[in-house]
Amino acid sequence: MAEHAAPNAPASAHPKDYHAAKMGMWLFLFTEILLFGGLFLLYASYRHRFPEAFHAGGQTLDVFLGGLNTVVLITSSLSVAMSITALRRGELVRCLWLLGFTIACAGGFMVNKTIEWLAKFHHGLIPGSEHMLALPQGQGVFYGLYYAMTGLHGVHVIIGGSVLAWVMLLIRQGKVTAQDYVVLENAGLYWHIVDLVWIYLFPLFYLIS
Amino acid sequence: MDQTDHPAGGLTSRPFFGPQGSGGPGDKGTGLASWIFSTDHKRIGLLYLGVIGLMFTTALVLGLILRLKLMTPGSTLLTPQQYNAMFTLHGVIMVFMVVIPSIPASFGNIFLPLHIGANDVSFPRLNNFSWWLYVTGMVLAITSIFTGAGAPDTGWTFYVPFSERTTTNVSLAVIAVFILGFSSILTGLNFITTVHRLRTPGMTWRKLSLFVWSLYATGWIQVLATPILGITALLIFAERVLHLGLFDPGRGGDPLLYQHLFWIYSHPAVYIMILPAMGVISEIIPVFARKPIFGYNMIAFSSLAIAFAGSLVWAHHMFTSGMSDTAVLIFSFLTFVVAIPSAIKVFNWLSTLYKGSISLDPPLLYALGFIFMFSIGGLTGLVLGAAGTDIHVHDTYFVVAHFHYVIFGGTGLGMFAAMHYWFPKVFGRMYDHGRAAWAFWLVLLGMNVLYFPMFIMGLQGMPRRYYDYLPQYGSMQMVSTWGSWLLAVGLALMFWNLYRGCRYGPIATRNPWGGATLEWTLPTPLPHEAFEGDPKAPEPYDFKGINPDG
Numbered sequence: 001m002a003e004h005a006a007p008n009a010p011a012s013a014h015p016k017d018y019h020a021a022k023m024g025m026w027l028f029l030f031t032e033i034l035l036f037g038g039l040f041l042l043y044a045s046y047r048h049r050f051p052e053a054f055h056a057g058g059q060t061l062d063v064f065l066g067g068l069n070t071v072v073l074i075t076s077s078l079s080v081a082m083s084i085t086a087l088r089r090g091e092l093v094r095c096l097w098l099l100g101f102t103i104a105c106a107g108g109f110m111v112n113k114t115i116e117w118l119a120k121f122h123h124g125l126i127p128g129s130e131h132m133l134a135l136p137q138g139q140g141v142f143y144g145l146y147y148a149m150t151g152l153h154g155v156h157v158i159i160g161g162s163v164l165a166w167v168m169l170l171i172r173q174g175k176v177t178a179q180d181y182v183v184l185e186n187a188g189l190y191w192h193i194v195d196l197v198w199i200y201l202f203p204l205f206y207l208i209s
Numbered sequence: 001m002d003q004t005d006h007p008a009g010g011l012t013s014r015p016f017f018g019p020q021g022s023g024g025p026g027d028k029g030t031g032l033a034s035w036i037f038s039t040d041h042k043r044i045g046l047l048y049l050g051v052i053g054l055m056f057t058t059a060l061v062l063g064l065i066l067r068l069k070l071m072t073p074g075s076t077l078l079t080p081q082q083y084n085a086m087f088t089l090h091g092v093i094m095v096f097m098v099v100i101p102s103i104p105a106s107f108g109n110i111f112l113p114l115h116i117g118a119n120d121v122s123f124p125r126l127n128n129f130s131w132w133l134y135v136t137g138m139v140l141a142i143t144s145i146f147t148g149a150g151a152p153d154t155g156w157t158f159y160v161p162f163s164e165r166t167t168t169n170v171s172l173a174v175i176a177v178f179i180l181g182f183s184s185i186l187t188g189l190n191f192i193t194t195v196h197r198l199r200t201p202g203m204t205w206r207k208l209s210l211f212v213w214s215l216y217a218t219g220w221i222q223v224l225a226t227p228i229l230g231i232t233a234l235l236i237f238a239e240r241v242l243h244l245g246l247f248d249p250g251r252g253g254d255p256l257l258y259q260h261l262f263w264i265y266s267h268p269a270v271y272i273m274i275l276p277a278m279g280v281i282s283e284i285i286p287v288f289a290r291k292p293i294f295g296y297n298m299i300a301f302s303s304l305a306i307a308f309a310g311s312l313v314w315a316h317h318m319f320t321s322g323m324s325d326t327a328v329l330i331f332s333f334l335t336f337v338v339a340i341p342s343a344i345k346v347f348n349w350l351s352t353l354y355k356g357s358i359s360l361d362p363p364l365l366y367a368l369g370f371i372f373m374f375s376i377g378g379l380t381g382l383v384l385g386a387a388g389t390d391i392h393v394h395d396t397y398f399v400v401a402h403f404h405y406v407i408f409g410g411t412g413l414g415m416f417a418a419m420h421y422w423f424p425k426v427f428g429r430m431y432d433h434g435r436a437a438w439a440f441w442l443v444l445l446g447m448n449v450l451y452f453p454m455f456i457m458g459l460q461g462m463p464r465r466y467y468d469y470l471p472q473y474g475s476m477q478m479v480s481t482w483g484s485w486l487l488a489v490g491l492a493l494m495f496w497n498l499y500r501g502c503r504y505g506p507i508a509t510r511n512p513w514g515g516a517t518l519e520w521t522l523p524t525p526l527p528h529e530a531f532e533g534d535p536k537a538p539e540p541y542d543f544k545g546i547n548p549d550g
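Sequence order for the protein chains is A and B.
Counting in the numbering used here, the first sequence runs from 1 upward without gaps.
Counting in the numbering used here, the second sequence runs from 1 upward without gaps.
Just so you know, these hints were derived from the structure itself, not from any lab.
Mixed in with the good hints there might be a few duds.
Stated by the list, open to error - Subject to a maximum C-alpha distance of 20 Å in a straight line, what follows is the list of computed DMTMM-like cross-link-like pairs (lysine to aspartate or glutamate): (1) B:K355 x B:E529; (2) B:K291 x B:D549; (3) A:K16 x A:E185; (4) B:K291 x B:E539; (5) A:K22 x A:E130; (6) A:K16 x B:E532; (7) A:K16 x B:D361; (8) B:K291 x B:D325; (9) A:K16 x B:D534.
Build out the structure end to end from the sequences listed, making use of the hints.
Quick look at the structure:
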């Protein structure tokens with residue numbers, strides 16, 4: 001049941017409700033999963049229709065770069081989880097270092113991703129280009145989905161990294177503390193969902209061949 | 001709490017509208033900034049009401065112009081391109097900016113917290129942010145009309161492949177839709193959390209008002225279905241800008257999948273539209289019948305059942321699109337299933353009225369209008385849900401008539417019922433009852449004259465969205481346009497009456513209708529901070545000892 005304000009609390013003060021904040025975040029994460037869900041639905045349908053093309057497309061992706069990015073993201077999920085524990089113990093410096101490391105991982109992921117995409121562009125796999133149009137039907141769809149899904153995921157990595165940077169600022173300003181840490185926890189949850197989506201994207205694109 | 005409290009008398013200068021500033025802590029005055037940056041759920045509700053009203057009027061005028069064009073066959077008044085743009089805008093504005101936010105964002109924001117005994121929603125700042133998102137989406141959508149290579153001309157459904165290829169300003173419009181969807185998600189998320197976390201002690205789930213139940217069910221649809229609209233809109237944008245070819249048959253894509261994605265959101269969306277209106281009706285009927293609601297549990301349960309089953313029927317919009325027969329059969333069956341909880345509600349409302357002590361005040365009139373129109377709209381929905389008959393009437397005026405009966409006759413009248421029911425509590429004054437009744441009858445008559453001929457034209461084969469038509473439809477089209485004028489007069493009278501009431505009406509009492517939910521225990525108009533401490537949870541439909549005080 002609700003934690004209510006004491007009757008004499010100032011009229012404008014809205015009591016901070018830890019469970020409400022968590023619940024709101026989880027609901028938001030549902031919406032993120034469903035946002036990607038639409039794309040996963042397209043993926044399932046097209047993969048069913050063009051199994052060979054997806055097989056051939058998957059072979060052209062660089063498993064090493066994809067695997068490296070997977071390791072980078074999983075490590076960053078660990079560091080963000082550790083940063084929450086550090087904050088709750090009051091170890092501010094360690095918390096900030098761990099968050100900084102997480103953001104560095106996000107940056108590393110994006111650099112890696114850019115290299116990968118540029119290599120694809122170099123091979124003429126530019127959306128809408130003549131080369132893409134000349135591909136066998138299913139392969140065009142494969143690369144279309146590849147760009148759409150990893151692109152949307154990349155946007156989420158950037159958003160997640162920015163949110164973590166913002167929380168770092170709040171911690172330094174003393175607005176997120178060892179007692180009131182739900183903002184960091186929610187940012188961490190968001191980061192985990194970014195990680196989780198990648199955990200599915202990696203095998204679906206890189207390992208299906 | 002004392003229900004027969006005296007109205008706060010002696011106040012000659014009531015605020016023009018809205019919750020009054022108490023001058024106490026938390027009172028932010030009355031300037032513009034105190035409104036648009038307000039985190040007060042009541043002010044945000046009124047902000048929504050204002051902007052929704054503006055958008056409703058805009059789209060209404062577009063609709064009237066469309067009807068005027070269709071009054072006579074041939075090329076009159078509008079060019080075909082203008083006509084296409086106009087019905088697209090009428091649909092986009094009405095669906096995404098009026099009907100979806102209508103009741104939840106305005107009256108839901110104001111009364112959901114009060115019904116559960118809370119002083120605000122769980123995330124007040126997020127609430128204000130969602131209003132700003134709404135305004136941003138609105139501005140972008142309006143901008144898309146005047147910039148680029150002309151206003152979008154795809155219809156509100158943005159079907160591919162046309163939406164990928166048209167040179168009109170579809171890209172900006174779908175971004176607007178994405179942002180509006182985000183706004184809707186945040187409202188739903190806020191409501192769900194609020195209902196879970198901020199109920200006053202003793203307010204068990206079975207003591208929630210049915211309005212809250214319906215908003216709770218709506219919140220879940222908003223959270224679970226809207227992201228699919230988001231990704232669909234983004235994909236249209238990506239297709240147009242990046243040419244990914246995901247829906248382009250020339251590159252292996254499948255336009256049918258677009259339709260699936262679109263309706264996975266847009267069918268549940270009609271329940272986002274209608275459920276809150278059903279909640280309003282469930283509030284109004286018992287109050288004006290002076291009887292406890294019949295079948296409380298079933299009405300609450302049917303809201304959840306509609307939210308659940310309504311998520312599984314989307315492909316009944318696609319019976320003629322080339323799906324497999326198996327898919328058609330399954331979705332047809334599920335469509336019939338979703339009619340059951342809707343019928344449960346209607347029967348329960350009628351049973352509540354049975355042997356009640358009925359006072360035919362304006363809110364009840366509008367509620368009865370809802371039941372009448374929704375029943376016609378709902379039953380004709382089954383004609384469309386049955387695979388066999390749908391083949392005949394698919395994409396004809398029959399569909400147009402059906403959804404205007406449900407959405408305008410249902411949600412629209414539900415919204416007007418809510419406006420007349422909560423008006424005295426929100427604005428602190430009372431409107432003229434006689435004029436409200438006149439306006440109601442004009443609106444009801446106008447709607448039927450406007451939309452009923454469309455059923456007949458649809459059965460005779462008149463396709464929707466056509467610029468021109470064969471002479472045989474001439475008389476029906478003419479009658480339908482006359483109906484649109486009746487409707488416009490009725491609506492003008494209604495809004496004028498409410499405006500008059502707002503400015504010059506008699507001061508409203510605390511509980512003019514004799515409602516038993518918590519908002520009627522509060523002063524009129526609503527104070528800035530509603531409850532001091534936790535109120536006691538009432539039985540929301542027990543009218544013993546509660547009498548109208550106006």
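Going through the hints against the structure:
Distance check on the hinted pair: K355 (chain B) and E529 (chain B) sit about 39 Å apart at the alpha-carbon level, beyond 20 Å; violated. For the suggested pair K291 (chain B) and D549 (chain B), the alpha carbons sit about 17 Å apart, so the restraint of at most 20 Å is met. Only pairs whose Cα atoms come within 20 Å are accepted, and K16 (chain A) paired with E185 (chain A) is accepted, the gap being roughly 15 Å. A hinted pair counts as satisfied when its Cα atoms are at most 20 Å apart, and K291 (chain B) with E539 (chain B) qualifies at roughly 12 Å.
As the CA atoms of K22 (chain A) and E130 (chain A) are separated by approximately 48 Å, the hinted pair breaks the 20 Å bound. The straight-line distance between the Cα atoms of K16 (chain A) and E532 (chain B) is roughly 18 Å, inside the 20 Å bound, and the hint therefore holds. Restraint check for K16 (chain A) and D361 (chain B): the C-alpha separation of about 42 Å exceeds 20 Å, so the hint is violated. Between K291 (chain B) and D325 (chain B) the alpha-carbon distance is near 48 Å, which puts this suggested pair outside the 20 Å criterion.
The hinted pair formed by K16 (chain A) and D534 (chain B) meets the criterion: a straight-line CA distance of about 17 Å does not exceed 20 Å.
The structure shown violates the earlier hints numbered 1, 5, 7 and 8.
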